[in-house]
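So the sequences go chain by chain: C and A. Heads up, the first sequence is in my numbering, so the first residue is 1 and it goes up one at a time. Heads up, the second sequence is in my numbering, so the first residue is 1001 and it goes up one at a time.
A couple of the hints might just be wrong.
[What the hints assert, rightly or not] Within a straight-line C-alpha distance of at most 27 Å, the following computed DSS-like cross-link-like pairs (lysine-lysine) qualify: (1) A:Lys1257 - A:Lys1365; (2) C:Lys100 - C:Lys196; (3) C:Lys132 - C:Lys122; (4) C:Lys100 - A:Lys1384; (5) A:Lys1051 - A:Lys1361; (6) C:Lys122 - C:Lys100; (7) C:Lys108 - A:Lys1384; (8) A:Lys1239 - A:Lys1133; (9) A:Lys1384 - C:Lys139; (10) C:Lys65 - C:Lys108; (11) A:Lys1322 - A:Lys1239; (12) C:Lys14 - A:Lys1051.
Derived from the structure by calculation, the hints contain no laboratory data.
Letter by letter, the chains look like this.
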Amino acid sequence: MLEIKNLHVNVGDKEILKGLDLSLRAGEVHAIMGPNGAGKSTLSYALSGREGYEVTEGTATLNGKDLLDLEADERAGEGVFLGFQYPVEIPGVSNMNFLKTAVNSIRKYRGEDEMTAVDLLKLVRSKAAELKMDPEMLKRPVNVGFSGGEKKRNEMVQMAVLDPCLAILDETDSGLDIDALKIVADGINRLRAPDKAILVITHYQRLLDYVVPDHVHVLADGRIVKSGGKELALQLEAEGYAGLGIADDAA
Amino acid sequence: MAKQIYYQNDGYQQAFASLADGLPGVPELRARAFADFMATGFPTQKVEEWKYSGLSALANAVFVPVKTTDRHAEAESFLAQSVPLEGAVQLVFVDGHFNTALSQAGDLEDGVTLTSLASALAAGDNRLEGRLKTNEQAQGRGLRSVNAALMTDGFVLEVAADTTVSRPIQVTYISTSAVVGHSTQLRNVISLGKNSQLRLLEQHIGVDTGTYWSNFVTDCTLGEDAVLERTVLQEEGAKAVYVAEGDVQLAARASLKAFWLTLGGQLSRQSQFLTFNGMEAEVALYGAYLGAEGQSHDMLTVMDHKVGHCNSDQIFRGVLDKGAKAAFQGRVIVAPDAQLTNANQANNNMLLDRSAEVNSKPELKIYADDVKCSHGSTVGELDKDMLFYLRSRGLDADAAEQLLVEAFIAEVLEEGLDAELLDFMQLRVRSWMASHTASPLTAEADGKERT
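Here chain C stands alone, though its shape is the one from the complex (with noise of 0.2 Å):
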């Protein structure tokens, strides 16, 4: 599903990525763990389409189809979804209309119809109930006035109402205390379908105690070191990065 092959990505003059692989088929949770400093965010807003990050080798493809030549809007067309580290406070936007224009302009993108006004109602009053946010946060601005908890199960609400083929979390663990990571967690088991891919980006292996990942990769340096089954992120949790000899700058 999702094929990325010898990507190096700049940030300014500075390389960041530098030749990164990875393969993710449809149906697997993959992780990517990794210190600081490692390129983990980078490979976030790379395949998401941020300005400023700079692909100067590489491909990336999304079932075939080249993602670094589109927009970012254009990618989540495409399905791909980013969960944000820190999810952006609009002032003067309600949720319940940022989610109806991102949906609509998704289906546009797809060449399908506007939703009607009814049917996002439910949609999103349904999403939002499985997630247990109240209803009334539907009507506040994005994030606005939001605890760090609330942002990421907004974030959650998002991804389940756009329904992504290809899901990004970067680092939507940070700074939870356990209730919120649970409801993390509960967005992202939600979302695993065998026609989806799931690349959840973490510092710590607490996340994946609640989702088990197919693969787990070590990203140091701007590259993959290492890859294995989930007894990767138990070996990183008992021994640290310097197990594997990569020096950990948060350590």
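Starting from the structure of chain C, add chain A where the hints point.
Same frame as chain C, but now just chain A:
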């Protein structure tokens, strides 16, 4: 410069002479005003208050009012754009003249007098002259004298003491193709008696095909405890020069809440002079202006706290696309004895392109020592993080920009408008965005933001 043009060209002389038999009454007042206009001409940009609005488009030709108009069908088609306001009494002016056929008078409470200026003068309302003299000699008020000299009509609205006008008054000013190369010179007089209440909505609509000049003077007198809510939607034609001036006198505990949504014209200038004459009066002014390439919007407010214990709040927000200009000048004067004055002022601007220009000029002259006065001006661009967040959720560059601009403007719309007008005004902003703004973000993505 400008003066010489008048002397070389007798167009205004002829216009004044020909209008002498048009609008009855007050001949001396008009003659004085005309002499004043001939002596002072249009304000140049050397006049501080007019620094940001060059009136050269007016100085190089003669824009005289049309004496009558025959564009009934065209005017009627413009009316389709007017705000649908439930139960409103409708006044329609076409090309500077009250149009009986398009207006819907309707019943008003006893104690409410609403007439056109022309008919009020024809009826020999002798109190009018005094009202029309307001600020006759005031300096720096620009185009008041030419308005007084050439005015063709307007409305006179008087509300007696203890009267609440239950229906909103809606006034629509339409400039049809007949007014291209000409001007409309309208004069409105509003007077609210003690403890009376009124809601007023005004809308300016005009033809896009050529330059014309709209020149409005609207003076309001608010008695003790009177409450006025006024909303002005300016959607003049694309090449119009729009100049409006208002004088507001507030007695004790009077309250004015006003909102200006400025979208039209190539040059628009709104000047409001407000004077607190009695204690515990309140003024809340809100405004939003959106400018596209070739447009210039200029707002001047002068808040004169002559007495203490009064509140004034001002929030003005602007969005300026490529090549657009805007200015906000907010002067607050607090007299030496005007203790316990609260005066706040905020002007926030969003530039959609680096070539847009905004001048934000708060000016506080505070002579009392126990007051709370604040002002804040910001000029910013669209937030890159917000844009990426929206685009990562599937909104294309235009949709993301539009949503953020609407949100920025929505905050002042929500503050300044009641629910009945809010939805409509949001639609007007949305449709303006859709028809005026380019897509600067696409260009940015290709170029300078790749760092």
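Consistency of the hints with the structure:
1. A:Lys1257 - A:Lys1365: 23 Å, holds
2. C:Lys100 - C:Lys196: Distance of about 23 Å is within 27 Å: holds.
3. C:Lys132 - C:Lys122: 15 Å, holds
4. C:Lys100 - A:Lys1384: 21 Å, holds
5. A:Lys1051 - A:Lys1361: With a Cα-Cα distance of about 11 Å, the restraint between Lys1051 of chain A and Lys1361 of chain A holds, given a limit of 27 Å.
6. C:Lys122 - C:Lys100: Status holds; Cα separation ~11 Å.
7. C:Lys108 - A:Lys1384: The given pair, whose Cα atoms are some 24 Å apart, holds under the 27 Å limit.
8. A:Lys1239 - A:Lys1133: 31 Å, violated
9. A:Lys1384 - C:Lys139: 24 Å, holds
10. C:Lys65 - C:Lys108: 19 Å, holds
11. A:Lys1322 - A:Lys1239: Judged against 27 Å, a Cα distance of about 17 Å means the pair holds.
12. C:Lys14 - A:Lys1051: Given pair Lys14 of chain C, Lys1051 of chain A is violated - Cα atoms ~47 Å apart, limit 27 Å.
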